[in-house]
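Protein chains in written order, with my numbering: chain A, 1 to 497; chain B, 1 to 497.
FYI, nobody ran anything at the bench for these hints, they're computed from the structure. Treat the hints loosely; a few may be bogus.
When chains are identical, the list treats them as one kind, so a pair holds in a single copy or across two.
[What the hints assert, rightly or not] With a straight-line cut-off of 25 Å between C-alpha atoms, the simulated SDA-like cross-links for lysine to any residue are:
| hint | residue 1 | residue 2 |
| --- | --- | --- |
| 1 | Lys227 | Gly204 |
| 2 | Lys485 | Val473 |
| 3 | Lys11 | Lys137 |
| 4 | Lys137 | Trp374 |
| 5 | Lys27 | Ser182 |
| 6 | Lys148 | Glu134 |
| 7 | Lys148 | Leu17 |
| 8 | Lys39 | Pro420 |
| 9 | Lys73 | Ile180 |
| 10 | Lys246 | Phe446 |
| 11 | Lys72 | Asp315 |
| 12 | Lys127 | Leu161 |
| 13 | Lys11 | Asn179 |
| 14 | Lys137 | Ile378 |
| 15 | Lys27 | Asn117 |
| 16 | Lys402 | Ile249 |
| 17 | Lys27 | Gln158 |
| 18 | Lys23 | Gly149 |
| 19 | Lys72 | Ile180 |
| 20 | Lys227 | Tyr284 |
| 21 | Lys36 | Asn181 |
| 22 | Lys45 | Asp315 |
| 23 | Lys127 | Arg435 |
| 24 | Lys227 | Asn202 |
| 25 | Lys36 | Glu65 |
Number of protein chains: 2
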Amino acid sequence: MKFFENIILYKDKGEHLYVQLYKAIKKLIIAGKLNKNEKLPPIRKLAQMLDVNNVTVVNAYHILEQEGLVYKKMGSGTYISPDFLTYTSEEIESSKIIEGLGSLSLIEQGQIQISSNMINFASATPKADLFPVEDFKNALNEVLDRDKGNAFDYQESQGYLPLREVLIQYIRESNILVNINSLQVISGAQQGIDIIAKALLNYGDPVIVESPSYTGAIASFRSRGAKIIDVDLLEDGIDVDDLERKIRIFQPKFIYLMPNFQNPTGISYSRDKKEKIIDLCRQYNVYIVEDDYLSDLNFYSKDNTTLKSLDENNDLVIYVKSFSKIFMPGLRLGFLVAPSTLYDNILFAKHSSDISTSGLLQRALEIYFSRGKWKSHIKYIEEKYRNGFDAMVRNIEKYLPKEIEYIVPNGGVNFWFRLPKGISSKELYERSIRRNVALAPGNLFFTHQNDDHHFRLSIASVDNHEIEQGIIVIGDIINNLMDNKNSFGKERYRPIL
Amino acid sequence: MKFFENIILYKDKGEHLYVQLYKAIKKLIIAGKLNKNEKLPPIRKLAQMLDVNNVTVVNAYHILEQEGLVYKKMGSGTYISPDFLTYTSEEIESSKIIEGLGSLSLIEQGQIQISSNMINFASATPKADLFPVEDFKNALNEVLDRDKGNAFDYQESQGYLPLREVLIQYIRESNILVNINSLQVISGAQQGIDIIAKALLNYGDPVIVESPSYTGAIASFRSRGAKIIDVDLLEDGIDVDDLERKIRIFQPKFIYLMPNFQNPTGISYSRDKKEKIIDLCRQYNVYIVEDDYLSDLNFYSKDNTTLKSLDENNDLVIYVKSFSKIFMPGLRLGFLVAPSTLYDNILFAKHSSDISTSGLLQRALEIYFSRGKWKSHIKYIEEKYRNGFDAMVRNIEKYLPKEIEYIVPNGGVNFWFRLPKGISSKELYERSIRRNVALAPGNLFFTHQNDDHHFRLSIASVDNHEIEQGIIVIGDIINNLMDNKNSFGKERYRPIL
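Go ahead and model the full structure; you've got the sequences and the hints to work with.
Spelled out as structure tokens, the structure:
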């Protein structure tokens, strides 16, 4: 019964109490804290214990039953299902999306069960309390009062024209000078990438990606039957020689790049490399898909030029802009800019994907931009993150063992590390979790998924004052792992590279 | 020349002058203002007349030529193409999405340029003034006050749990008894269909569809490289014998059906046929994708049973539920219910499509349902449409020539007609538009796109008091066409079937 006593429900968490309770009990079941055929507390008793309505418990038990985690005996009570274990091994960490995609996106979405008391270096998306809720709420209400039912009518597939206009102005500031026909509104960057895949890729078509990269994108390419070819990242960007070689051999449909504060490595391409890549792709007639998820968060880089701004004729780069990492991930809004040769294909792919992005949200975002709220929000986020960024740099230097290799990025939210030979990042991940520190193991970012000596720390979701404590814990665990390895006199984990 | 003098170009319109000019001339051609083989003004002359650069005119003429609307004679000039009529009937009013998808979805979205003073039988979506804007606005504000930033955080890919709960309750009322794991929230039915295509179809896989059908769905199947096989609709539903034959021959991945108030025909499958289809698909182990876009709007049918409710083990039917036609199209929210064998594939496909549907909108919809607003909205819509429906039945009977074949549906918003031999539905469409009545020509609903003797009238967007007047006009045009045909003594258009 003690497990149930320890369940804590938050009335102001923005999540129904019964959902919280259902999740808490599910967690207990999955963690093996409860035995098969064990009886759950009677409804009234648990309700009393947790100071909630009976209905809350009834609802929670009901969902657990529907999911096959518990069963009811008439007139007797509710019991843990005897076969929940099969269920949990299928599910792995209470998430269902595992293979191929990797749990990365689950971490990105905060769906990996990182409890609220953890120091969370795993997630690369901002915490909910950074979102400009009030301003956006005002924008929503302004739209509804102004546009009424029209806000809920079908929106043009290419996007709400006034929003497209402010976005064209917005990218003009970073020297992307294109006409409005080239801008397509998307329901988030993932959809943008998926639409590009749909518009360009057929079964067997080769695509070149960075290694490591964002596996959510790779999942979209794979879903079209594409052949994924990866090229290593060097300190100043992708290995251009190998890139040219592979372009020649494979003649890919496009290459998928994140040239500023790359995910997961935080690397920024040098200006020289950016120009070389443009030249190369022009020479070989290969499109570039540029995923710009974070170039706004530039702290120390002298040059966060996008490839798109170097694409003078707008005929080479498909530029995908996400608002998730710097604004609000749950908005599901972004945009892409495409060469004119691709307009029709992309519009068609968008249309068959979801007809259009929510008009209400597009209209609200337009007002948000027009009122200048975007700029002040970016400033606010920048300051908050810059402090975290500086704290990271200081503490990594101070507490992580010298044997760890890393590159200090010039901006963004991600830091990428390579462990000494023989130290497993999965082991590090598991031990960290046990000590209440969450990080992202490297295998989530490789197409082959079996990397075991890299990890990523992100400052996006961590509180600045926790950074030092978190890095101390990670440093300590790595030191222990190195000691173990030395004392055993042999490697327990074989490194991949 | 006077038409060209009247062209007005805006320098600050956010659209290139040449695009504006191209569109203006195209409009003249489509409206029949210019004659076949008529010479366009010389480039310099037109440039001078409109006060633009020569290049603007060159570019505009160039696009017109690319589109086959004009042709060039070396050393002489540019002329209106003699066969532009074929072109315009294909395209219907200057829209960009043509091939495969058909302009249907443009009509559905109101993107076909139907002016506001037209009697609009073309669109099958409700008018904006029917949307429950105030109630939904309240729900949105309630969510924002309660959940704050959480409303904009990533939502679980499968959907917001409390929303899934109320949706499970909602379909329970129509005897769809499934557990909550089987319910996936989607960003509108089009996305649902697209996700199913992604989860199930690989290049070359056969899919069976009704003929006629919703071409937006077919576009998604085609995008996966699927092979589309169609089966005719009879008065009581799909031709089951032909269906069985084709299932045997092609062994399709699934069949795509709208068994209640089918789009575009309005036909409802008999109960007997529904059961036969379930048996057939069980026997041959074929999934059914049931697109339920409108079963709520039952006026006179004794049985609007869904196939899903007959799928007792939840292992055969993938049920896709749209809210667009009865609630608010621009919300981009719906759900699907899938057999457990498909959970993972569908969740994975959803995730790689757009990660998740907007959490804010999901949360607001949950409140909207929980407060009982949904039911009262459906009642309101039902009453409004029932009056329109009855008016349609009355006036069709009264004003359309007897030679026209049609089936009176038992509910929904669509009526489907077959013209007498030799009368062209494209011609009917064009003449109706000129007399301020919009309808949907049949070619939009066939996979082969060259049907020319069906048309659809929908009551969704038309004002009830305009129905009589609209039907009178259509009846009059058809009568004229029949008179012409008889007086010419021969058929000007060869019917397809």
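(request) Please work out whether the CA atoms of Lys137 and Trp374 approach to 25 Å or closer within one copy, between two copies, in both situations, or in neither? (result) both (14 Å within a copy, 23 Å between copies)
(request) Indicate which option fits the pair Lys137, Ile378 if close means a Cα-Cα distance not exceeding 25 Å: within, between, both or neither. (result) Cα proximity of Lys137 and Ile378: one copy only (18 Å, versus 27 Å across).
(request) Since the copies are identical, ignore which copy is meant and state whether Lys27 and Ser182 lie within 25 Å (CA to CA) inside a copy, between copies, both or neither. (result) Result: close only across copies, 20 Å inter versus 47 Å intra.
(request) Check Lys127 against Leu161 for me: Cα-Cα at most 25 Å, and say if that holds within a copy, between copies, both or neither. (result) between (31 Å within a copy, 21 Å between copies)
(message) Within a copy, between copies, both or neither: which one fits Lys36 and Glu65 at a CA-CA cutoff of 25 Å?
(response) Answer is within; shortest intra-copy Cα gap is 14 Å, inter-copy 71 Å.
(request) Indicate which option fits the pair Lys45, Asp315 if close means a Cα-Cα distance not exceeding 25 Å: within, between, both or neither. (result) For Lys45 and Asp315, neither the intra-copy (67 Å) nor the inter-copy (32 Å) Cα distance is at most 25 Å.
(request) Could you figure out if Lys11 and Asn179 sit no more than 25 Å apart (CA to CA) within one copy, between two copies, both or neither? (result) Between. Shortest inter-copy distance 13 Å satisfies the 25 Å Cα cut-off; intra-copy 49 Å does not.
(request) If the cutoff is 25 Å on CA atoms, where do Lys27 and Gln158 land: within, between, both or neither? Let me know, please. (result) This pair counts as between: shortest inter-copy Cα distance 18 Å, intra-copy 43 Å.
(message) With identical chains, the pair Lys73 and Ile180 could be close in the same copy or across copies; at 25 Å between alpha carbons, which is it: within, between, both, or neither?
(response) between (63 Å within a copy, 20 Å between copies)
(message) Within, between, both or neither: how does the pair Lys402, Ile249 come out at a Cα-Cα threshold of 25 Å?
(response) neither (40 Å within a copy, 67 Å between copies)
(request) Give the relationship of Lys227 and Asn202 under a CA distance limit of 25 Å: within one copy only, between copies only, both, or neither. (result) Result: close both inside a copy and across copies, 10 Å intra and 15 Å inter.
(message) Please sort Lys127 with Arg435 into within, between, both or neither, judging by C-alpha distance up to 25 Å.
(response) Within one copy only: 21 Å inside, 57 Å across.
Of the numbered hints stated above, those contradicted by the structure are hints 8, 16, 22, listed in ascending order.
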